[in-house]
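Generate the whole structure from the sequences, applying the supplied hints.
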Amino acid sequence: MDDILEILANDARVTPEEIAKMTRKKAGDIKKAIKDYENNGTIVKYKTIIDHEKIRGENSSFVRALIEVSITPQKDVGFDNVAERIYSFPEVTSCYLVSGAYDLLVMVEGRNIHTVSNFVASKLSSMEGVRRTSTHFLLKKYKEDGQILKKASHGKRLAISI
Amino acid sequence: MANVLPFPSNMRIAKRVEQMAPSGIRAFFDLVLGMKDVISLGVGEPDFATPWHIREKAIHSLEKGYTSYTSNKGMPELRLEISKFLAERYKISYDFNEEILVTVGVSEGLDLAFRAILDPGDKVMVPDPSYVSYGPVVELTGGEVVRLKTDIKTGFKITPQSIEDCYCQGVKAMIINYPCNPTGTSYNKKELREIAKVIIKYDLILISDEVYDELTYDFDHTPFATLKGMKERTIYLNGFSKAYAMTGFRLGWAAGPADIIAGMTKIHQYTMLCASITAQIASTEALKNGFKDVAMMKREYLRRRNYMVGALNDIGLPCHMPQGAFYVFPSIKSTGMKSMDFAKDLLNKKKVALVPGSAFGQELDDFIRISYASSYDNLKEAVARIDEYLKESKHGKKTRR
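Line order of the protein sequences matches chains A and B. Sequential numbering of the first sequence, starting at 1, is according to our numbering. Sequential numbering of the second sequence, starting at 1001, is according to our numbering.
If you are wondering where the hints come from, they were derived from the structure by calculation, not from laboratory data. Do not rely on the hints blindly, as some may be mistaken.
Claimed, not checked - Within a straight-line C-alpha distance of at most 27 Å, the following computed DSS-like cross-link-like pairs (lysine-lysine) qualify:
1. B:1292 <-> A:143
2. A:143 <-> B:1197
3. B:1123 <-> B:1036
4. B:1172 <-> A:156
5. A:150 <-> B:1036
6. B:1036 <-> A:151
7. A:26 <-> B:1298
8. B:1298 <-> B:1084
9. A:45 <-> A:156
10. B:1228 <-> B:1172
11. B:1380 <-> A:156
12. B:1157 <-> B:1197
Claimed, not checked - With the C-beta cut set under 10 Å, the calculated list includes, among others, these residues of chain A facing chain B:
13. 19
14. 38
15. 156
16. 160
What the hints assert, rightly or not - Residues of chain B clear of chain A, computed beta-carbon distances all greater than 10 Å:
17. 1060
18. 1168
19. 1201
All of these numbers come straight from a predicted model, not from anything done at the bench. Think of the CB as a built atom: it goes at the ideal place given N, C-alpha and C, for glycine as much as any other residue.
Structure follows, in structure tokens:
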């Protein structure tokens, strides 16, 4: 990964001017490089990692489930067509083709346990080409996208030392 | 009766300790430590925690009951790893049994090196500026410090000429530290070769503190001992604190000619016995599997260095581009303030802490040491506050007139 991507992957708020200083390049060149990455799809989107457990209130609760999906591959297109039909549902937040005992690993998000169960029962397991599903509800998130969600403890260093 | 001392109070402390210059910086440090919510650019250690696989190894060793002494010289596995590392990385061979000693940080290595080679009255050339302990450690052994001046004009580099100018009768050794704390200055191979010629000419022993070697940004680090004619006269000191973010483990090593290492080991076995076994096990893991961590931290420091040098020059604190370590050493001459006054005033008004240049010698009163071993958000905020401070104090001057 080049410098620009590594910096932005860690903190998307860093400005092109600041990246220019860090890499000793011109701000204009950095802006152009970022634009290129955006245009060719290397940079897909800028997002914020949120710990949903910290949000209080009625509409804040989410239920997440990891679903193992076994499917029958189709001629010529393999798994891709069924995968597309699955990941097009907005309830699906992630979808991976994996090796091993099942084919797709799908992450689904819903308001409560019933919405997720309904989605699996009425949409997913009844879909043509889907042979079997196995649903695991998420109980606790410890780490997401390389980020440990528990706030790190600070202040272990002395504030000043030679 | 409790107040009656067994000796007159002016005789209780040894003369050479009494004579050690009191550290003026201590009071300032206490001021910083007593203040809350300070953004500190004054920290002389990495802001990364020790990589997890290294910590995990240490924890596991404790679970398994590795809590004993080790060989005085250090665990053979660790010495072997150090020897392998030096051979693979720098193409220099040290016998793990005769030529390597594991120490409690480079700090102990320094003390042992000077104690092993100095007789009372022997002189040591110590660069100005340099790490604060060099001078006092030389003096504690009964040696004499000869100041080897370096200049902002040469980017605080020691040059063959500066050694020639400084050399006098009775000088036995010289110490060099590169990349340097506090200036970040380092040397390429060609520059080191030129310095080596003068060291050989005067038949000096060189103590080379290379603890920041992995944090060299613009060229490859060259250990002094790899240069022709230098291995037999170099005490090569290094450790795990900076490269692997392991300051609290207190682990370093010395590599050098067998006779000197034997001398150092003699002192070490009576005064320290051995380094902590937990730290030695963790350090063995660092050498075996820590390469990627070092590379990651180096990339991060490099970006911060570039950012800080750019940002400080932008706000009117000129500084040279340091080649290594995690310090920049900007000049505050334009403010007309002494470094301690500047540091105190900035701390009081803007809650930003840094180390005044005077901590490294009175003649460095036009400089401050800024450490960029801090998160990028902190650096950004600190620069903004220093900028505000500079603008406000300029404004203050104008209104007084």
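So which of those numbered hints doesn't the model satisfy? Of the numbered hints given earlier, those the structure breaks are 2, 3, 4, 9 and 14, listed in rising order.
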